[in-house]
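Q: Protein chains in written order, with the UniProt record's numbering: chain A, 1 to 201; chain B, 1 to 197.
It is worth saying that the hints were derived from the structure and are not from the lab.
It is possible that part of the hints are untrue.
With a straight-line Cα cutoff of 20 Å, these simulated SDA-like cross-link-like pairs (lysine to any residue) come out [to be verified]:
id, chain 1, residue 1, chain 2, residue 2
1, A, Lys115, A, Ala187
2, A, Lys115, B, Glu158
3, A, Lys115, A, Thr196
4, A, Lys115, B, Ala155
5, A, Lys115, A, Gly81
6, A, Lys115, B, Ala17
7, A, Lys115, B, Pro161
8, A, Lys115, A, Ala60
9, B, Lys19, B, Gly36
10, A, Lys115, B, Ala30
11, A, Lys115, A, Phe73
12, B, Lys29, A, Asn193
13, A, Lys115, A, Val87
14, B, Lys29, A, Gly66
15, A, Lys115, B, Leu156
16, A, Lys115, A, Gly66
17, A, Lys115, B, Phe173
18, A, Lys115, A, Asn193
19, A, Lys115, B, Gly42
20, A, Lys115, B, Gln40
21, B, Lys29, A, Arg63
22, A, Lys115, A, Met76
23, A, Lys115, A, Leu189
24, B, Lys29, A, Ala64
25, A, Lys115, B, Lys29
26, B, Lys29, B, Asp47
27, B, Lys29, A, Ile65
28, A, Lys115, B, Lys19
29, A, Lys115, B, Val152
30, B, Lys29, A, Ala60
31, A, Lys115, B, Glu160
32, A, Lys115, A, Ile65
33, A, Lys115, A, Ala64
34, B, Lys29, B, Ile46
Model, not experiment: these values are computed from the prediction.
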Amino acid sequence: MSVLAATDTSQAQDPTGFFGVLAHAAEWFIGLFQAGATNFVGLLTGIIPLLIVLLTAVNALVRAIGVERIERFGEMAARPGIQWYPVRYLVLPVLSVFFLTNPMCYTMGRFLPEKYKPAFYDSSVSFVHPILGLFPHANPGELFVYYGIAAGITTLGFGLGDLAVRFLLVGLVVILIRGVVTELITARLLARNTRTEGALA
Amino acid sequence: MSTSTTEKPKSAGAGVAGKASSVLVRVGKAVGGVVGVLYQAGRDTIDTVIRNIIPFMAFVSVIVGIVNYTGLGNALANVVAPLASSLIGLLAICIFCAIPVLSPVLGPGAVIAQVVGVLLGTRIGAGDIPPQYALPALFAINPQVGCDFIPVGLALGEAEPETVEAGVPAVLFSRLVTGPIAVVIAYFASFGLYSSN
Numbered sequence: 001m002s003v004l005a006a007t008d009t010s011q012a013q014d015p016t017g018f019f020g021v022l023a024h025a026a027e028w029f030i031g032l033f034q035a036g037a038t039n040f041v042g043l044l045t046g047i048i049p050l051l052i053v054l055l056t057a058v059n060a061l062v063r064a065i066g067v068e069r070i071e072r073f074g075e076m077a078a079r080p081g082i083q084w085y086p087v088r089y090l091v092l093p094v095l096s097v098f099f100l101t102n103p104m105c106y107t108m109g110r111f112l113p114e115k116y117k118p119a120f121y122d123s124s125v126s127f128v129h130p131i132l133g134l135f136p137h138a139n140p141g142e143l144f145v146y147y148g149i150a151a152g153i154t155t156l157g158f159g160l161g162d163l164a165v166r167f168l169l170v171g172l173v174v175i176l177i178r179g180v181v182t183e184l185i186t187a188r189l190l191a192r193n194t195r196t197e198g199a200l201a
Numbered sequence: 001m002s003t004s005t006t007e008k009p010k011s012a013g014a015g016v017a018g019k020a021s022s023v024l025v026r027v028g029k030a031v032g033g034v035v036g037v038l039y040q041a042g043r044d045t046i047d048t049v050i051r052n053i054i055p056f057m058a059f060v061s062v063i064v065g066i067v068n069y070t071g072l073g074n075a076l077a078n079v080v081a082p083l084a085s086s087l088i089g090l091l092a093i094c095i096f097c098a099i100p101v102l103s104p105v106l107g108p109g110a111v112i113a114q115v116v117g118v119l120l121g122t123r124i125g126a127g128d129i130p131p132q133y134a135l136p137a138l139f140a141i142n143p144q145v146g147c148d149f150i151p152v153g154l155a156l157g158e159a160e161p162e163t164v165e166a167g168v169p170a171v172l173f174s175r176l177v178t179g180p181i182a183v184v185i186a187y188f189a190s191f192g193l194y195s196s197n
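Kindly generate the complete structure, drawing on both the sequences and the hints.
A: Next up, the structure:
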């Protein structure tokens with residue numbers, strides 16, 4: 001009887017002492033993951049449904065157009081001359097990232113002469129994130145570079161379209177600049193390497 | 001093809017029926033092809049979602065949960081928010097990430113960029129960082145993109161060893177220049193973004 005009474009009182013108020021500390025620790029510990037779980041459900045219901053539909057549509061489009069057609073274009077971009085810079089470091093990277101996706105897009109470099117390959121790699125790898133706002137199929141494994149920051153915009157109640165479009169447009173400008181700058185640096189390094197090899201021989 | 005040869009000796013009515021059935025076969029095949037492509041696209045999509053996207057969401061959720069619940073987020077915000085809410089601060093983040101020795105270390109899987117992106121996103125949502133800084137921040141946290149992958153990426157493009165030897169430092173040095181340029185361009189491109197509130 002006295003034992004029963006003792007348990008009754010301990011249930012009425014929070015446990016204190018050693019067990020109290022344990023109970024609080026357990027609650028805090030579970031709360032830690034409860035916060036994560038809430039976030040996880042938010043991501044699942046907020047991002048996944050749209051993403052699945054969008055990915056399916058774009059995947060179907062890519063299959064319908066076919067990868068071979070993009071390859072034919074790659075050979076064109078190898079030509080020298082200033083008017084081919086935008087083709088090489090803008091159109092070609094965009095098409096290869098869109099159709100071949102990360103990481104297969106870098107295989108398009110094989111149509112270019114050796115001196116352009118690092119620059120082409122640089123400009124296409126720099127485009128695998130700016131494309132995510134509108135076409136997440138291109139690099140779904142690294143979605144959170146964009147979605148992490150975009151989630152904050154959603155929290156504030158703004159639409160994401162403006163950010164996605166601007167991210168893409170700035171990305172286009174940046175990959176062109178990167179391609180040109182890297183091509184210049186590569187040319188200098190290649191020249192220096194061959195000169196030192198000649199001196200050694 | 002076999003239908004057309006068997007239909008030939010028969011009457012005109014049977015020929016029309018044969019033509020109609022061959023049209024039906026062609027339509028059926030075309031529709032079947034479209035459905036097949038869509039179905040395969042759906043299969044690929046679900047595959048990527050299960051294999052790449054949901055695991056990362058789980059990982060991100062654990063980090064966000066811990067960061068928010070322990071108050072670490074507020075502590076981090078005091079450090080990151082002032083940096084991420086000015087052009088100079090963003091440039092500092094960018095140049096740090098673009099240092100040629102650090103950039104290949106920060107690159108793999110874009111994990112660093114994604115985690116920092118999630119942290120900044122949380123702070124933007126909380127109002128510590130103005131929303132128009134989202135655009136330059138996207139470039140500031142990411143000048144190291146692909147720096148871990150240069151030899152592999154060049155090998156995929158069938159590059160010679162000499163090209164790789166020159167290409168790796170070329171890309172790394174280029175980032176030190178083009179990374180900050182990207183942040184500046186993004187900063188000016190962000191004028192008018194979410195500022196009408």
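Q: State for each hint whether it applies.
A: Now for the hints, and whether the structure bears them out:
1. The suggested pairing of A:Lys115 with A:Ala187 holds, with an alpha-carbon distance near 7 Å, which does not exceed 20 Å.
2. For the proposed pair A:Lys115 and B:Glu158, the alpha carbon gap of about 12 Å is at most 20 Å, so the pair holds.
3. Under the criterion of a C-alpha separation no larger than 20 Å, the hint pairing A:Lys115 with A:Thr196 is consistent with the structure, at around 18 Å.
4. At most 20 Å may separate the alpha-carbon atoms for a hinted pair to count; A:Lys115 and B:Ala155 meet this at roughly 14 Å.
5. Restraint check for A:Lys115 and A:Gly81: the C-alpha separation of about 14 Å stays at or below 20 Å, so the hint holds.
6. Proximity of A:Lys115 to B:Ala17 is assessed by CA-CA distance (about 62 Å); at most 20 Å being required, the pair is judged violated.
7. At most 20 Å may separate the alpha-carbon atoms for a hinted pair to count; A:Lys115 and B:Pro161 meet this at roughly 12 Å.
8. Taken as a hint, the A:Lys115 and A:Ala60 pair is broken in the structure, with Cα atoms around 35 Å apart against an allowance of 20 Å.
9. Distance hint between B:Lys19 and B:Gly36 is unfulfilled; the C-alpha atoms sit about 25 Å from each other, more than 20 Å.
10. Distance check on the hinted pair: A:Lys115 and B:Ala30 sit about 45 Å apart at the alpha-carbon level, beyond 20 Å; violated.
11. Annotation: proposed proximity of A:Lys115 to A:Phe73 holds, straight-line Cα distance about 19 Å (limit 20 Å).
12. Restraint check for B:Lys29 and A:Asn193: the C-alpha separation of about 58 Å exceeds 20 Å, so the hint is violated.
13. Of the pairs offered as hints, the one joining A:Lys115 and A:Val87 holds, with about 16 Å between alpha carbons and a cut-off of 20 Å not exceeded.
14. With a C-alpha separation of about 19 Å, the suggested pair B:Lys29 and A:Gly66 falls inside the 20 Å cut-off, and the hint holds.
15. About 15 Å separates the Cα atoms of A:Lys115 and B:Leu156, which keeps this hinted pair within 20 Å; it holds.
16. Only pairs whose Cα atoms come within 20 Å are accepted, and A:Lys115 paired with A:Gly66 is rejected, the gap being roughly 28 Å.
17. Pair hint A:Lys115 plus B:Phe173 holds up; C-alpha atoms about 16 Å apart against a cutoff of 20 Å.
18. Distance check on the hinted pair: A:Lys115 and A:Asn193 sit about 13 Å apart at the alpha-carbon level, within 20 Å; holds.
19. With a C-alpha separation of about 39 Å, the suggested pair A:Lys115 and B:Gly42 falls outside the 20 Å cut-off, and the hint is violated.
20. Of the pairs offered as hints, the one joining A:Lys115 and B:Gln40 is violated, with about 38 Å between alpha carbons and a cut-off of 20 Å exceeded.
21. For the given pair, B:Lys29 sits about 17 Å from A:Arg63 by alpha-carbon distance, which is consistent with the 20 Å threshold.
22. For the given pair, A:Lys115 sits about 16 Å from A:Met76 by alpha-carbon distance, which is consistent with the 20 Å threshold.
23. For the proposed pair A:Lys115 and A:Leu189, the alpha carbon gap of about 10 Å is at most 20 Å, so the pair holds.
24. Distance restraint check for B:Lys29 and A:Ala64: the Cα-Cα separation of roughly 15 Å lies within the 20 Å cut-off, and the hinted pair is therefore satisfied.
25. For the hint pairing A:Lys115 with B:Lys29, the CA-to-CA distance comes to about 47 Å; that exceeds 20 Å, so the pair is violated.
26. For the hint pairing B:Lys29 with B:Asp47, the CA-to-CA distance comes to about 26 Å; that exceeds 20 Å, so the pair is violated.
27. Simply put, B:Lys29 and A:Ile65 have alpha-carbon atoms about 18 Å apart, close enough for the 20 Å limit, and the pair holds.
28. With a CA separation close to 58 Å, the supplied pair A:Lys115 and B:Lys19 exceeds the 20 Å bound.
29. The suggested pairing of A:Lys115 with B:Val152 holds, with an alpha-carbon distance near 17 Å, which does not exceed 20 Å.
30. Our distance criterion of 20 Å between C-alpha atoms is met by B:Lys29 and A:Ala60, whose separation comes to about 17 Å.
31. Simply put, A:Lys115 and B:Glu160 have alpha-carbon atoms about 10 Å apart, close enough for the 20 Å limit, and the pair holds.
32. Straight-line distance between C-alpha atoms of A:Lys115 and A:Ile65 comes to about 30 Å, which puts the hinted pair past the 20 Å bound.
33. For the proposed pair A:Lys115 and A:Ala64, the alpha carbon gap of about 33 Å is over 20 Å, so the pair is violated.
34. Taken as a hint, the B:Lys29 and B:Ile46 pair is broken in the structure, with Cα atoms around 25 Å apart against an allowance of 20 Å.
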